[in-house]
Amino acid sequence: MEKETYKLSHLKELEAESIHIIREVAAEFENPVMLYSIGKDSSVMVRLAEKAFAPGKVPFPLMHIDSKWKFKEMIQFRDEYARKYGWNLIVESNMEAFRAGVGPFTHGSKVHTDLMKTQALLHALDKYKFDAAFGGARRDEEKSRAKERIFSFRNQFHQWDPKNQRPELWDIYNARIRKGESIRVFPLSNWTELDIWQYIRLEQIPIVPLYFAKVRPVVNIDGQLIMPDDDRLPEKYRDKIEYKKIRFRTLGCWPLTGAIESEADTIEKIVEEMMTTTKSERTTRVIDFDQEASMEEKKREGYF
Amino acid sequence: MDTEQNNNKLSIEEFLRRDEEKDLLRFLTAGSVDDGKSTLIGRLLFDSKKIYEDQLDALERDSKRMGNAGDHIDYALLLDGLKAEREQGITIDVAYRYFSTNKRKFIIADTPGHEQYTRNMITGGSTANLAVILVDARTGVITQTRRHSYLVSLLGIKHVVLAVNKMDLVGFSKEVFDRIVADYHDFIDPLGIPDVQCIPLSALDGDNVVEHSDRTPWYEGPSLLEFLETVHIANDHNLTDFRYPVQYVLRPNLDFRGFCAKVASGVVRKGDPVVALPSGKTSRVKSIVTYDGELDYAFPPQCVTLTLEDEIDVSRGEMLVHPDNLPLVGRNFEAMLVWMDEERMDTDKSFFLKQTTNTSRCRVDSIKYKVDVNTMEQLSLENGRLTADTLPMELNQIARVVLTTSKELFFDPYVKNKATGSFILIDPITNNTSAVGMIIDRVEDKDMHTTEELPVLDLTRLGIGPEHDEAIARAVKELERQGIGIKVVRS
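First to last, the sequence lines map onto chains A and B. The first sequence runs 1080 to 1383 under the numbering used here. The second sequence runs -4 to 486 under the numbering used here.
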């Protein structure tokens, strides 16, 4: 018999921490939902939920807020994954704004993000009366996220008050809320970008192929390499399309997510690239350039 | 063929393999507003080459506009993420930072030293293996240093670094450093923290942060990072006393009933006899199930699912333990309580108490004494330092209290078992986390100020027949889940 050891690798420790959080939510809330962005972090979070309840089914649905500007490959991946792993998938969009023609090119990234992401999310949370919503945010991603609790209280207007957070100690989470209030839960709080890639690699978690380098069409818009994913690319850029070997470090709305030129077509190469790159991952997110401390403002308003 | 590429691939594989094996050190940093804490953390991140170029671009821009560091890069701006704090120039909440070196992964809980935010230090410190406490070499050990050190000892953190910062402003004087170290030992030695390391440094200039400084030739100890990388973190988890607070019951089909939980402490093996608390029913562990297959044994902080040989009813909030190693069981216990709420304690209130996965209603029976965190003196009604008016606890106060719950809890003293000795108190009206506590010991009924028997439901006297037993048991169980215990009898 092998000698028993009582040490976990840091990844197994992070995995255990996340599973504990996910189960705690399932046990303490009446109507939780897992928000799904289709990105790599979401893919890890979803796998952790599957692990938490194996061999049973996950006792809450997955919800994607579709801004109607996501990459087609993301939507395809989402539907295939949910079907294959038996998830109850909810897709919600701000159809009113969509029919009014709201989009990043015509209305700017701020209006688009507010209407198609933030408002759509808040509307969906109200519609289904979810009392807890999981998000895949990590504390190492962004400065204001570094200060957020794992169980993050939202008032009835879904707002976050960074100055009035509940103390959070040990692994004891305060899940008590009044009707209409909710908790955003971040089971990946303590994971870093490298941890996510390591875990995807070790657990062979499927991710959207856009993360891997391939020759794709791009347009250089204000220094960001934008991949036109449908015919809504404005006229003025259409003759500027070039073909480059690119990949995405983060995924979102196609006009708001810059690609990077890359040769990394395996997870190992992605990690290698990441370890030698000098840019942090959110620099390819156009929405962060809006204004000083912009993420904090979006979070206060209810965005993740 | 492709030897070079294969080598490359091997090396990244090797990198990933090594990275995966690293252990994790969680530490907290505490200091007063001007001790240069954020600067020190910024320096650690900067020097361990973890600050990406674009963040530095933004940093240089911000430093010029609102930096407080003169000609230096203001590392603090990297960390003080929230707009409001930038305006005030102080860190107002716990911020978590991540970095790694070739030897370890680190999670920093950056906590403020400002008096009104002491509760955040408690928050940041609850999961820490180690604390870095900063002092300004010009002022030495001050009231806040004492307070932070006391809180660290209260939380049971076993390793402390006293970082004597701004040594550049006292000419790297050995005499100044030695005096501060002596002062600090006078204070901290009685607190019984096993491992205390004092390091002279300059966060702004980088002396003794990562590399040894040639400006302190008289100092022979490790640099801060060297210490963090090599300090032996004795396994924080109690591996002796098996405690399994059931978190979730999994019933995917009629043939499978699994009890999900984190192993709070101890080790459980397949075949082990277990007893369920409070029912006292016994069984054996049939299997230890995970998504990745069955295990032969499980240990903290693994999250697993246990199945048992016998069909016994166990719900969330109940606990599986080994029959020969039971926790304390009771409704009355003594604890150190830290008040975290702006609203002062209302001793008539019935709080919610959450301990492991168990929630109970809870009342404060008595406040034995408060601790003056600046002088460590005990203040009580008996010694005349408290009056009926000043007795209830206020924000940031610490007291030794006796609590009584409305159902039985299963616990251990915090010093023996953090996982089962810690709890939070939740205000039933505001739902705030009003206080957090560390259990000292059980209290006998006779030593209580007021004893409150569990409400008794005598089914015979009420004329309720046995055909209703099942329905009553269900209702009682639901009330118990909500934190109210009821004793059901037939007289």
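Quick caveat, the hints were computed from the structure, so don't treat them as lab data. Be aware that a few hints might be false.
Said to hold, decoys possible - Just some of the chain B residues that point at chain A, by a computed CB distance under 10 Å:
1. L11
2. V89
3. R92
4. K100
5. N115
6. I117
7. F222
8. L249
9. G253
10. K257
11. V262
12. D267
13. D336
14. R339
15. F347
16. I421
What the hints assert, rightly or not - Computed footprint of chain B on chain A, listed as stretches where at least three residues anywhere in the stretch have a Cβ under 8 Å from a Cβ of chain B:
17. 1103 to 1113
18. 1179 to 1191
19. 1330 to 1337
Keep in mind the model is a prediction, meaning the values are calculated, not measured. Idealized CB from N, CA, C, for every residue including glycine.
Hints, one by one, checked against the model:
The interface hint given for L11/B holds, since its Cβ lies 6 Å from the closest Cβ of chain A, which is under the 10 Å cut-off. At its closest, the beta carbon of V89/B sits 7 Å from a beta carbon of chain A; the interface hint therefore holds under the 10 Å criterion. Taking 10 Å as the C-beta contact cut-off toward chain A, the hint placing R92/B at the interface holds, the least distance being around 7 Å. At its closest, the beta carbon of K100/B sits 5 Å from a beta carbon of chain A; the interface hint therefore holds under the 10 Å criterion.
Interface restraint check for N115/B: the shortest CB-CB distance to chain A comes to about 8 Å, inside 10 Å, so the restraint holds. For I117/B, the interface hint holds, the least distance from its beta-carbon to any beta-carbon of chain A being 7 Å, beneath 10 Å. With a cut of 10 Å, the hint placing F222/B at the interface with chain A is violated, because the nearest CB-to-CB distance is about 20 Å. Checking L249/B against chain A: minimum C-beta separation of about 12 Å lies over 10 Å; hint violated.
For G253/B, the interface hint holds, since its Cβ comes within 10 Å of a Cβ in chain A; the closest pair sits about 8 Å apart. Hint on K257/B holds. Least Cβ distance to chain A is approximately 5 Å, under the 10 Å limit. For V262/B, the interface hint holds, the least distance from its beta-carbon to any beta-carbon of chain A being 7 Å, beneath 10 Å. Of the supplied interface hints, the one on D267/B is violated, with its beta-carbon coming no nearer than about 13 Å to a beta-carbon of chain A, more than 10 Å.
With a least beta-carbon distance of about 9 Å to chain A, the hint placing D336/B at the interface is held under the 10 Å criterion. The interface hint given for R339/B is violated, since its Cβ lies 16 Å from the closest Cβ of chain A, which is over the 10 Å cut-off. Hint status for F347/B: holds, given a least beta-carbon distance of 7 Å to chain A, under 10 Å. The closest approach between the C-beta of I421/B and any C-beta of chain A is roughly 5 Å, which is under the 10 Å cut-off, so the hint is satisfied.
With 3 residues having a Cβ less than 8 Å from any Cβ of chain B, the segment 1103 to 1113 of chain A passes the three-residue criterion, so the hint holds. With a threshold of 8 Å between beta carbons, the proposed coverage of the segment 1179 to 1191 of chain A by chain B is violated, since 0 of its residues qualify and at least three are required. Requiring three or more residues with a Cβ within less than 8 Å of a Cβ of chain B, the coverage given for the segment 1330 to 1337 of chain A is violated, as only 0 such residues are present.
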